[in-house]
Amino acid sequence: MLVQSRELHTGLSDTACTCKMEDPEEATLHRAEDGRSTDEGPSLLCLPDLVLHKVCLQLSDPFDVLSLGCTCHQLHQLTASKSLWTRLALAWCRGMWHRLSLPSDSDPEDPKQWLLQVLHLCTKERRPTLKHCKFENGETWERIRRTRFDCKVAMLSCAYKGIDERVSPFVLLRRWVYDVALYNRQNPGMQFSGEKPVLGPDNVSELAALGRARQSDLRGRKQPNVHPRFYVSCAGTSVSSWTEDLFPSGPAGSICPILVCPFQRGYSFEWSGVDGLLTCVSQVLEQHLARACLDGRATLSWMASTIRLACESLEKAFFPYLRGAYDLWPVCPVGHAIISMAEEGWPDMAAWQVQLATLGLNWREVMSECAELLRKHETLDAIVDEARIRWRRSLLADIEAVLHCTCCDSPTVTRINLTDSDAIGGDNSRQDMAAAAFVSCSGVLVTWQLLGRGSY
Numbered sequence: 001m002l003v004q005s006r007e008l009h010t011g012l013s014d015t016a017c018t019c020k021m022e023d024p025e026e027a028t029l030h031r032a033e034d035g036r037s038t039d040e041g042p043s044l045l046c047l048p049d050l051v052l053h054k055v056c057l058q059l060s061d062p063f064d065v066l067s068l069g070c071t072c073h074q075l076h077q078l079t080a081s082k083s084l085w086t087r088l089a090l091a092w093c094r095g096m097w098h099r100l101s102l103p104s105d106s107d108p109e110d111p112k113q114w115l116l117q118v119l120h121l122c123t124k125e126r127r128p129t130l131k132h133c134k135f136e137n138g139e140t141w142e143r144i145r146r147t148r149f150d151c152k153v154a155m156l157s158c159a160y161k162g163i164d165e166r167v168s169p170f171v172l173l174r175r176w177v178y179d180v181a182l183y184n185r186q187n188p189g190m191q192f193s194g195e196k197p198v199l200g201p202d203n204v205s206e207l208a209a210l211g212r213a214r215q216s217d218l219r220g221r222k223q224p225n226v227h228p229r230f231y232v233s234c235a236g237t238s239v240s241s242w243t244e245d246l247f248p249s250g251p252a253g254s255i256c257p258i259l260v261c262p263f264q265r266g267y268s269f270e271w272s273g274v275d276g277l278l279t280c281v282s283q284v285l286e287q288h289l290a291r292a293c294l295d296g297r298a299t300l301s302w303m304a305s306t307i308r309l310a311c312e313s314l315e316k317a318f319f320p321y322l323r324g325a326y327d328l329w330p331v332c333p334v335g336h337a338i339i340s341m342a343e344e345g346w347p348d349m350a351a352w353q354v355q356l357a358t359l360g361l362n363w364r365e366v367m368s369e370c371a372e373l374l375r376k377h378e379t380l381d382a383i384v385d386e387a388r389i390r391w392r393r394s395l396l397a398d399i400e401a402v403l404h405c406t407c408c409d410s411p412t413v414t415r416i417n418l419t420d421s422d423a424i425g426g427d428n429s430r431q432d433m434a435a436a437a438f439v440s441c442s443g444v445l446v447t448w449q450l451l452g453r454g455s456y
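Going by full-length UniProt numbering, the letters in the sequence shown line up with residues 1 to 456, in that order.
Hints may be right or wrong, so weigh each one.
[Stated by the list, open to error] Derived lysine-lysine pairs resembling DSS-like cross-links, with alpha carbons at most 27 angstroms apart:
no. : residue 1 : residue 2
1   : Lys54     : Lys161
2   : Lys124    : Lys161
3   : Lys134    : Lys54
4   : Lys131    : Lys82
5   : Lys54     : Lys82
6   : Lys124    : Lys82
7   : Lys376    : Lys124
[Said to hold, decoys possible] Just the calculated beta-carbon pair ranges, DEER-fashion:
no. : residue 1 : residue 2 : range
8   : Thr358    : Asp327    : 26 to 36 angstroms
9   : Thr129    : Ala91     : 24 to 34 angstroms
10  : Lys82     : Leu359    : 56 to 66 angstroms
11  : Arg221    : Gly425    : 17 to 27 angstroms
12  : Val226    : Glu139    : 55 to 65 angstroms
13  : Ala235    : Asp327    : 17 to 27 angstroms
14  : Gly425    : His227    : 17 to 27 angstroms
15  : Gln215    : Glu139    : 21 to 31 angstroms
Derived by calculation from the structure, the hints in this document are not laboratory data. Note that CB positions come from ideal geometry on N, CA and C, so glycine has one too.
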C-alpha cells in the first residue's frame with residue numbers, strides 16, 4: 001500500500017484483506033514507510049554514493065525505487081533524495097498534470113510524500129467487479145491484486161477523463177476505462193479455443209456475471225429475462241501474435257488493451273476538441289514549471305495546482321469563442337484556433353493573461369509553443385493519445401506475465417466477449433458495458449468499458 005502515515009496505512013490495509021496473501025509490492029511499501037530493510041550487505045553498497053545516485057536516476061518507476069530503498073538502511077536514505085523523487089514524479093505525471101486528483105493533506109515540501117499520496121489516490125476507488133469466478137467443473141479464476149498494476153490502470157483511466165466528462169445530460173455515468181483485471185486460472189479444465197466452445201449454462205452465467213452484462217443492459221425493463229447465453233460469445237483465438245490479433249490498434253498503431261479506441265476513425269476528425277487544447281497547454285506549462293521544481297524553487301504541489309487552475313481558467317476564457325471557431329474552421333476548429341491565437345492573436349485570451357502573469361508568461365507565447373507542439377504531432381488527438389499510449393504500453397509486461405504459459409513458447413489466447421455490446425461486435429445497441437476476457441491456459445485478462453449510453 002502507498003502510505004507515509006499511520007492513518008493511510010490503516011485505511012489501505014483494510015483493502016489488502018481481500019487477498020489471501022499480501023501483495024509483495026504492498027509489503028515493500030510498508031517497509032519503506034517504517035525504514036525497515038531486508039538485507040544488510042548487498043554488493044551495491046561497495047559503489048560510491050554518487051554512482052548509486054546515478055543508478056537510482058535510471059529508475060523511472062517509483063515502485064522500483066521503493067524496492068531498492070528497502071534492501072538496507074543506507075539505500076533507504078539514498079533513495080529518499082528530494083531531487084530523485086522530484087524526477088520520479090515529473091516522469092510519472094508527464095502529460096497528466098491537468099487531470100490529476102491532487103492530494104490535499106500531504107507535505108508540499110516533500111516530493112516523495114506528494115507522489116505517494118497521488119499513487120494512494122489512484123488505488124482509492126475500487127470497482128465492484130468480481131474477485132473470483134467459480135465454474136461447475138471446479139475451475140476457479142482468482143483476481144491478482146498488485147498495487148503497481150492497479151496504479152497504472154488508474155492512470156490510464158485518468159488519461160481518458162476528458163471522454164468521461166464530455167457526455168450528454170441523458171448519460172448518468174461513463175467510465176471509458178471502467179476496470180482492467182488479471183486472474184490466475186486454478187484447476188484449469190475448461191476449453192475456450194475453437195469457433196464455438198461448449199461452456200455449459202452455469203459457466204456462461206458466471207461469465208456474464210463477470211462482465212456485468214445484465215446489470216448494464218439498458219433493455220432490462222423491457223426484456224428482463226434475457227438468457228446469459230445471448231451475452232457471451234467467442235470472438236476469436238490467436239496462437240502467436242495475440243496482442244495484435246485480439247486488441248484493436250489505434251490510428252497511431254499502438255497496441256491497445258482496451259476494446260474500443262476513441263480515435264478509431266483516425267485523428268483527422270479532432271475528436272478531442274477543447275480537451276486537446278487543455279492538454280497542449282498543460283504540456284507547455286509542465287515544461288516551464290518543471291525547471292523550477294528541479295531547482296528547488298517550487299514544489300510539486302504548487303506545480304500541479306497551478307497547471308490545473310491555468311487550464312480551468314483557459315477553458316472559461318475560450319468557451320465564448322468556441323462557436324465562432326467551429327463556424328470559421330469546420331474541420332479541426334480547435335487546432336486552427338491554436339494556430340490563429342499564436343499568429344493572429346484571435347481568439348483574444350487577454351482574460352487568461354491574469355492567470356499567467358504570476359508565472360512570467362505571456363498567453364501568445366504559450367500558444368506559440370502549443371502551435372509548435374501541434375505541428376510536431378499534426379493533430380490534437382495525437383497529442384491527447386500520447387499519454388494514453390504510454391500507459392497502455394506500461395500494462396503489457398504485467399499482462400504478458402500472467403497470460404504467458406510455461407508449457408509452450410507462445411500462448412494460445414482466446415477472446416471471450418462477456419457482453420453483447422455492438423461496440424465489440426455484439427447486436428445490442430443498448431448494452432452499456434463492453435467487456436471481454438482474454439483467456440490463455442494459465443491466466444485471464446478482463447477489460448471493462450462503461451460506454452455511458454443514454455438511459456431511458
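Satisfaction of hint between Lys124 and Lys376, Cα-Cα up to 27 angstroms
Not OK: Lys376 and Lys124 at ~36 angstroms, beyond 27 angstroms, violated.
Taking only the CA atoms, is the gap from Lys54 to Lys82 under or equal to 27 angstroms?
Holds - the C-alpha atoms of Lys82 and Lys54 are around 14 angstroms apart, at most 27 angstroms.
I want to verify a distance hint. Is the separation of the beta carbons of Thr129 and Ala91 within 24 to 34 angstroms?
holds (29 angstroms)
Hint says 56 to 66 angstroms; check whether the CB-CB distance for Lys82 and Leu359 agrees.
violated (22 angstroms)
Using the beta carbons of Gln215 and Glu139, state whether their distance is inside 21 to 31 angstroms or not.
Roughly 24 angstroms apart at Cβ, these two residues keep to the hinted range, so it holds.
Decide if the proposed pair is consistent with the structure: Lys124 and Lys161, CA atoms, cutoff 27 angstroms inclusive.
holds (16 angstroms)
For a C-alpha distance cap of 27 angstroms, please report whether Lys134 and Lys54 respect it.
violated (48 angstroms)
Go ahead and decide if the range 55 to 65 angstroms is satisfied by the Cβ distance of Val226 to Glu139.
violated (25 angstroms)
Quick check on a hinted range of 17 to 27 angstroms for Arg221 and Gly425, using CB atoms only.
holds (25 angstroms)
For the pair supplied as a hint, Lys124 and Lys82, is the alpha-carbon distance within the 27 angstroms limit?
holds (25 angstroms)
When you take the CB atoms of Ala235 and Asp327, is the distance between them in 17 to 27 angstroms?
About 43 angstroms separates the Cβ atoms of Ala235 and Asp327, which means 17 to 27 angstroms is violated.
Hinted pair, alpha-carbon criterion (27 angstroms max): Lys54, Lys161. Please report holds or violated.
Roughly 35 angstroms separates the two Cα atoms, so the pair is violated.
Going through the hint list in order, the structure does not satisfy hints 1, 3, 4, 7, 10, 12, 13.
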